[in-house]
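Going down the list, the protein sequences come from chains A and B. For the first sequence, the numbering used here assigns the number 597 to the initial residue and increments by one for each residue that follows. For the second sequence, the numbering used here assigns the number 597 to the initial residue and increments by one for each residue that follows.
FYI, nobody ran anything at the bench for these hints, they're computed from the structure. As the structure is a computational prediction, the values presented were derived from the model and not from experiment. Careful, some of the hints might be misleading.
Identical chains share a label here; the pair holds if one copy fits it or two copies do between them.
[Said to hold, decoys possible] Restricting the straight-line Cα-Cα distance to at most 30 Å, the calculated cross-link-like pairs of lysine-lysine (DSSO-like) are: (1) LYS649 <-> LYS612; (2) LYS692 <-> LYS644; (3) LYS692 <-> LYS619; (4) LYS604 <-> LYS692; (5) LYS762 <-> LYS685; (6) LYS740 <-> LYS601; (7) LYS619 <-> LYS685; (8) LYS729 <-> LYS759; (9) LYS765 <-> LYS619; (10) LYS619 <-> LYS759; (11) LYS604 <-> LYS754; (12) LYS644 <-> LYS604; (13) LYS740 <-> LYS649; (14) LYS733 <-> LYS612; (15) LYS612 <-> LYS685.
2 protein chains.
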Amino acid sequence: MNYPKSIKNLIECFRKLPGIGEKTAERLALAVLNFDDNVIDMFSNSIKDVNLKIKRCSVCNNLTEDDVCSVCRDESRDGSVLCVVEEAKNSFLFEKIGSFRGKYHVLNGLISPLDGIGPDDINVDMLVSRIDKENVKEVILALKPSIEGETTSLYISKLLSSKNVKVSKIAHGIPLGADIDYIDMLTLEMALEDRKEIINDVKN
Amino acid sequence: MNYPKSIKNLIECFRKLPGIGEKTAERLALAVLNFDDNVIDMFSNSIKDVNLKIKRCSVCNNLTEDDVCSVCRDESRDGSVLCVVEEAKNSFLFEKIGSFRGKYHVLNGLISPLDGIGPDDINVDMLVSRIDKENVKEVILALKPSIEGETTSLYISKLLSSKNVKVSKIAHGIPLGADIDYIDMLTLEMALEDRKEIINDVKN
Numbered sequence: 597m598n599y600p601k602s603i604k605n606l607i608e609c610f611r612k613l614p615g616i617g618e619k620t621a622e623r624l625a626l627a628v629l630n631f632d633d634n635v636i637d638m639f640s641n642s643i644k645d646v647n648l649k650i651k652r653c654s655v656c657n658n659l660t661e662d663d664v665c666s667v668c669r670d671e672s673r674d675g676s677v678l679c680v681v682e683e684a685k686n687s688f689l690f691e692k693i694g695s696f697r698g699k700y701h702v703l704n705g706l707i708s709p710l711d712g713i714g715p716d717d718i719n720v721d722m723l724v725s726r727i728d729k730e731n732v733k734e735v736i737l738a739l740k741p742s743i744e745g746e747t748t749s750l751y752i753s754k755l756l757s758s759k760n761v762k763v764s765k766i767a768h769g770i771p772l773g774a775d776i777d778y779i780d781m782l783t784l785e786m787a788l789e790d791r792k793e794i795i796n797d798v799k800n
Numbered sequence: 597m598n599y600p601k602s603i604k605n606l607i608e609c610f611r612k613l614p615g616i617g618e619k620t621a622e623r624l625a626l627a628v629l630n631f632d633d634n635v636i637d638m639f640s641n642s643i644k645d646v647n648l649k650i651k652r653c654s655v656c657n658n659l660t661e662d663d664v665c666s667v668c669r670d671e672s673r674d675g676s677v678l679c680v681v682e683e684a685k686n687s688f689l690f691e692k693i694g695s696f697r698g699k700y701h702v703l704n705g706l707i708s709p710l711d712g713i714g715p716d717d718i719n720v721d722m723l724v725s726r727i728d729k730e731n732v733k734e735v736i737l738a739l740k741p742s743i744e745g746e747t748t749s750l751y752i753s754k755l756l757s758s759k760n761v762k763v764s765k766i767a768h769g770i771p772l773g774a775d776i777d778y779i780d781m782l783t784l785e786m787a788l789e790d791r792k793e794i795i796n797d798v799k800n
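Taking the hints into account, I'd like the entire structure generated from these sequences.
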């Protein structure tokens, strides 16, 4: 005996998701059995919808259901500052902070020679043409502090050096609330190097 | 800006699954974006199917797409031995071992006075009537070694004491490959109590 066919199929689908092993897939599939009808409909439909409706924004390459995403359409946002991220989900993370009022540019990858991913495989050309077209004044590179992230940051900063645009990088250092004892050496070195002077403004 | 509506819905559905937090739900929903069309169809349909087709076997209460599950229908299996499990998934686990050739009985719960679950809330009546009807000779209790599991085992064994049926319990002890240093005290005590004599059959 094995699971009935519909459960077996569902387990197989859950297993295709990242980080889901066989035991977890079984647990998730059996949990679906207890869902209400309306949740079942929503779950089933949104899987289809995501596949049918989601496309890439023609301006910034972010995920959207329209031709141009809501950020690119929003005229109240500062188009002179672009935050360059690796993946769409990073931009949604920045949106959760809520303080960034510029726009985004999604590379959809990082340069990684070892994996055969070169500058042509990520969305850099689109970025360069946006600098000219959209009168961009600052490009903030918000890529992860890995070899690939650093390589990509370096490549983009060199590429944009001829243009009249400021290129910056988000700060790397010790995260708030972290115990300094458990921070890796590289982060500690970076934090030391990027130290900031404390200005005691006694006069005010 | 937030995720497009279809992605947001999908994240919400994944979040309803046990053990899936917000970050994981986001990761899973974005992973669905990269699925092939046929996987999308299978995923979407099996969620609906599980809800529509799966019911309880009228004999053993296991999950099935038919009125009577494949084990109960299988005449090559030994109907005189019943393995009593808490949940349907436990029976599928026993099936993976492959050596058990009896049939199952799914309680769908354990007696737990603290949670207000009494003997009437689990599938015990059906078990008692099966003993008479199906000429059962042995009932193996395969419940988890918790207070609820032990209470339920005790309740069932007392209930069946008047009947002409052998009631046994699966062995608890040190799992194979485990380091004895890391075994909890209760398991160790049980393992000591349930020790088995080693018989050196010198003559053969």
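Original post:
Is the C-alpha distance from LYS765 to LYS619 at most 30 Å within one copy, between copies, in both cases, or in neither?
Top reply: between (42 Å within a copy, 24 Å between copies)
**OP:** Using 30 Å as the alpha carbon limit, work out where LYS612 and LYS685 are close: within a copy, between copies, both or neither.
**Re:** both (20 Å within a copy, 20 Å between copies)
Subject >> Same-copy or cross-copy closeness of LYS740 to LYS649 [CA-CA at most 30 Å] >> reply: Intra 29 Å, inter 46 Å, cutoff 30 Å: intra-copy only.
Subject >> Intra/inter-copy verdict for LYS619 and LYS759 if alpha-carbon distance must be at most 30 Å >> reply: This pair counts as neither: shortest intra-copy Cα distance 54 Å, inter-copy 37 Å.
**OP:** Evaluate LYS740 and LYS601 at a C-alpha cut-off of 30 Å and name the case that applies: within, between, both or neither.
**Re:** between (42 Å within a copy, 27 Å between copies)
**OP:** Give the relationship of LYS604 and LYS754 under a CA distance limit of 30 Å: within one copy only, between copies only, both, or neither.
**Re:** For LYS604 and LYS754, the Cα distance exceeds 30 Å both inside one copy (52 Å) and across copies (37 Å).
**OP:** State whether the alpha carbon distance between LYS692 and LYS619 is at most 30 Å within one copy, between copies, both, or neither.
**Re:** between (33 Å within a copy, 13 Å between copies)
Original post:
How would you classify LYS644 and LYS604 at a CA-CA limit of 30 Å: within, between, both, or neither?
Top reply: This pair counts as both: shortest intra-copy Cα distance 20 Å, inter-copy 13 Å.
Original post:
Is it within, between, both or neither when you check LYS649 against LYS612 at 30 Å Cα-Cα?
Top reply: both (21 Å within a copy, 23 Å between copies)
Subject >> Intra- versus inter-subunit Cα pairing at 30 Å for LYS619 with LYS685 >> reply: This pair counts as both: shortest intra-copy Cα distance 27 Å, inter-copy 10 Å.
**OP:** Have a look at LYS604 and LYS692 and pick one of within, between, both or neither, based on CA distance no larger than 30 Å.
**Re:** For LYS604 and LYS692, only the inter-copy Cα distance (14 Å) is at most 30 Å; the intra-copy one is 37 Å.
**OP:** Indicate which option fits the pair LYS729, LYS759 if close means a Cα-Cα distance not exceeding 30 Å: within, between, both or neither.
**Re:** within (12 Å within a copy, 87 Å between copies)
The structure fails to meet hints 10, 11 and 14 from the earlier list, while all remaining hints are met.
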